[in-house]
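So the sequence lines, in the order shown, correspond to chains E and Y. In our numbering, each number is its position in the first sequence, counted from 1, plus 7. In our numbering, each number is its position in the second sequence, counted from 1, plus 7.
Think of the hints as simulated: they come from the structure by calculation, not from any bench. A few of these clues could be false.
All copies of an identical chain are treated as equivalent in the list; a pair is satisfied when it fits inside any one copy or across any two copies.
Said to hold, decoys possible - Below, in silico cross-link-like pairs of lysine-lysine (BS3-like), each with a Cα-Cα straight-line distance of 25 Å or less: (1) LYS313 - LYS399; (2) LYS89 - LYS38; (3) LYS418 - LYS352; (4) LYS385 - LYS399; (5) LYS89 - LYS186.
2 protein chains.
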Amino acid sequence: MPKKNAFYAQSGGVTAVINASACGVIETASKHKDKIGKVYAGRNGIIGALTEDLIDTSKESAADIAALRFTPSGAFGSCRYKLKSLEANKREYERLIAVFKAHNIGYFFYNGGGDSADTCFKVSQLSETLGYPVQAIHVPKTVDNDLPITDCCPGFGSVAKYVAVSALEASFDVKSMSKTSTKVFVLEVMGRHAGWIAAAGGLLTDHHIPVLILFPEVPFDQKKFLAKVDANVRKFGYCTIVVSEGCHYPDGTFLAEQGTRDAFGHAQLGGAAPVVANMIKDALGYKFHWAVADYLQRAARHIASKTDVKQAYELGKAAVQLAVKGRNAVMPTIERLSDVPYKYKIGVADLKDVANVEKFMPANFISNDGYGITAKCKRYLTPLIQGEDYPKYADGLPQYVTLKNLAVAKKLPAFKV
Amino acid sequence: MPKKNAFYAQSGGVTAVINASACGVIETASKHKDKIGKVYAGRNGIIGALTEDLIDTSKESAADIAALRFTPSGAFGSCRYKLKSLEANKREYERLIAVFKAHNIGYFFYNGGGDSADTCFKVSQLSETLGYPVQAIHVPKTVDNDLPITDCCPGFGSVAKYVAVSALEASFDVKSMSKTSTKVFVLEVMGRHAGWIAAAGGLLTDHHIPVLILFPEVPFDQKKFLAKVDANVRKFGYCTIVVSEGCHYPDGTFLAEQGTRDAFGHAQLGGAAPVVANMIKDALGYKFHWAVADYLQRAARHIASKTDVKQAYELGKAAVQLAVKGRNAVMPTIERLSDVPYKYKIGVADLKDVANVEKFMPANFISNDGYGITAKCKRYLTPLIQGEDYPKYADGLPQYVTLKNLAVAKKLPAFKV
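Looking at chain E on its own, in the form it has when it is part of the complex:
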């Protein structure tokens, strides 16, 4: 195959380690100059490809590319933009191929979750149909940890570590105050459909912290939950609760949707945490504090898991290695070989098996009472939060890199997204 350029784009919600994957892709591509020319990145994800807004990563210094490994967020910009089906939106797929053709792009590295795996798969299909060959490789990324086949997804381990560390620290705090003041601490974490992130709170039980987890997989039972909280406070003096944003009642209503209205009659968007906290106060009278971690959890590169950073880099690297081997419509994966000591190898999955499949928490990862995790789940989670991988600091703040992100000259007419 003649030498071709590569296109790399970040998709969906960004993470503490997606740039480590970008770093893996760009650094590895530079070691295969016989097959890969330049690596162009999409400015703001796939939208950058549609609008021909390409970033020339060769204009960045090697030091800045290396610094991506330590920088959270999406260095080239990401987007929430799902291409529709080929039938419904052939125009956009054809535009992608036209842009790739105009810039001699033969490799498409798409770094994202389930939706982007699907897009990646479709691009590989269409490129065959249109007779312009593009090798489409998906690089897994999602804090939700819900991609199939791979043992875990880059981004998840660091969020899990953040949640476990934060909940541990806040639990120490509330324990100190519990004699005369706060007795309940509620931490809200991400995870609308799957409870992987909330499950990380279950690692605290090894530190003798009374913690209850509210999973999206377990319909909320207010009476049973309140009895559990009360039992913990009576026994330990305090209770920590980790609630998933996706926690909902049996009828599917999210806890966060309480139908509250502000003074102007507008629906008030709250979080699940204040709802749970106020519910406890009303029923049991315990003083509470609550926190909503939101973006802090997925951006927390300062406390990223070393395992996660390493795997994010390795999967970016593996994607390029698969490409130079001529593979198409695949995704490199983590294949776990053993829990203790933790061993894994890089595997590969066909995108047809990845696209549109969501991996939920296995039932045997959630304890019988529905508020904790099993030993099996702990064995799964523990290796993923192992190790620290601190960024450098200056003047007290992490030295995160902001790239120059210089544009490649356009060659095609404008295109409306």
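Position chain Y against the provided structure of chain E, taking the given hints into account.
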């Protein structure tokens, strides 16, 4: 003075570094065995003294005491319990002296904020009146940074670092997403009366982050604020907002008090962050995310400021050194000598000058528009967040110590608090 035991207690909201002060007190006391016998700690703060529930710190291993330096929260328990005036509550002060007398306690180290400085001062006065000599030394601690005389308060630097790091990381995140998704990120931080903690968000401007700070010192002007947010989004594509929990309207109403009611008609306790976020959405239509850090910020020992940890330890140490020199009714302080390079020395303040004085942000620390900090404020804040002082980790989590906290045998009749 004959050899006496010491009493140490933690007061009010705990911090990431109050245990470092405890470590400084206990380790330094052990070097003055000619004057100081045992160090007893109050279980759950001053309540432990009143109820004669004393912890014998000599039963802990040296390694566990040393580990306090790396452990957030209050290792002996704290409490929110303010002794009333001497006139209104002589019974409790007399009980304190009785407990001190029964356990041969001649040194009282009280680790807290403004209220505990006041209590400490009263104990020193009363001990004279009652003819039982107690040297009362206050060890400063408060994330609010509102004690007078001392340049800063242990606990504050670490919260400031947490807020600056977290807001930096979340800003990188929202910037990545802003083309097609979230454009506004709102982080709520502590500080009901003073904006010291929120001010740390102002350090981001050195990283080219468009950030607006909502201080409790500046009455909230919705129209002006929304115009600022809109201008930032139009110019930079996104905007970060750090809102102090104490931010309020000109009439004193907190932003968090919106008079919202849930489905049952109960007042809904929200945070200021969702209120600000929804206000922006309603007026400008920008997609938002918000976070409420709550306890996470003050418990975040994993990202504590090295300067803060060092000063917390040094002030605990200095308190004991003042005691063995015969000083009474004093508090060791940080005296800043220069900003760059940062130099300081340990000073001393009389408690009569500390008690009941609250230090607000100087007007010349807040920028003219009311939404940022001045260069003077940056010079003040920057040294306080310098350096990292990471705890040890095992299995991916920090190794925080939990002490044995063995009780000293009681000698007095029970006392009802």
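Now the hints, each set against the structure:
| no. | hint | in the structure |
| --- | --- | --- |
| 1 | LYS313 - LYS399 | both (14 Å within a copy, 14 Å between copies) |
| 2 | LYS89 - LYS38 | neither (32 Å within a copy, 67 Å between copies) |
| 3 | LYS418 - LYS352 | neither (41 Å within a copy, 64 Å between copies) |
| 4 | LYS385 - LYS399 | between (31 Å within a copy, 21 Å between copies) |
| 5 | LYS89 - LYS186 | between (51 Å within a copy, 14 Å between copies) |
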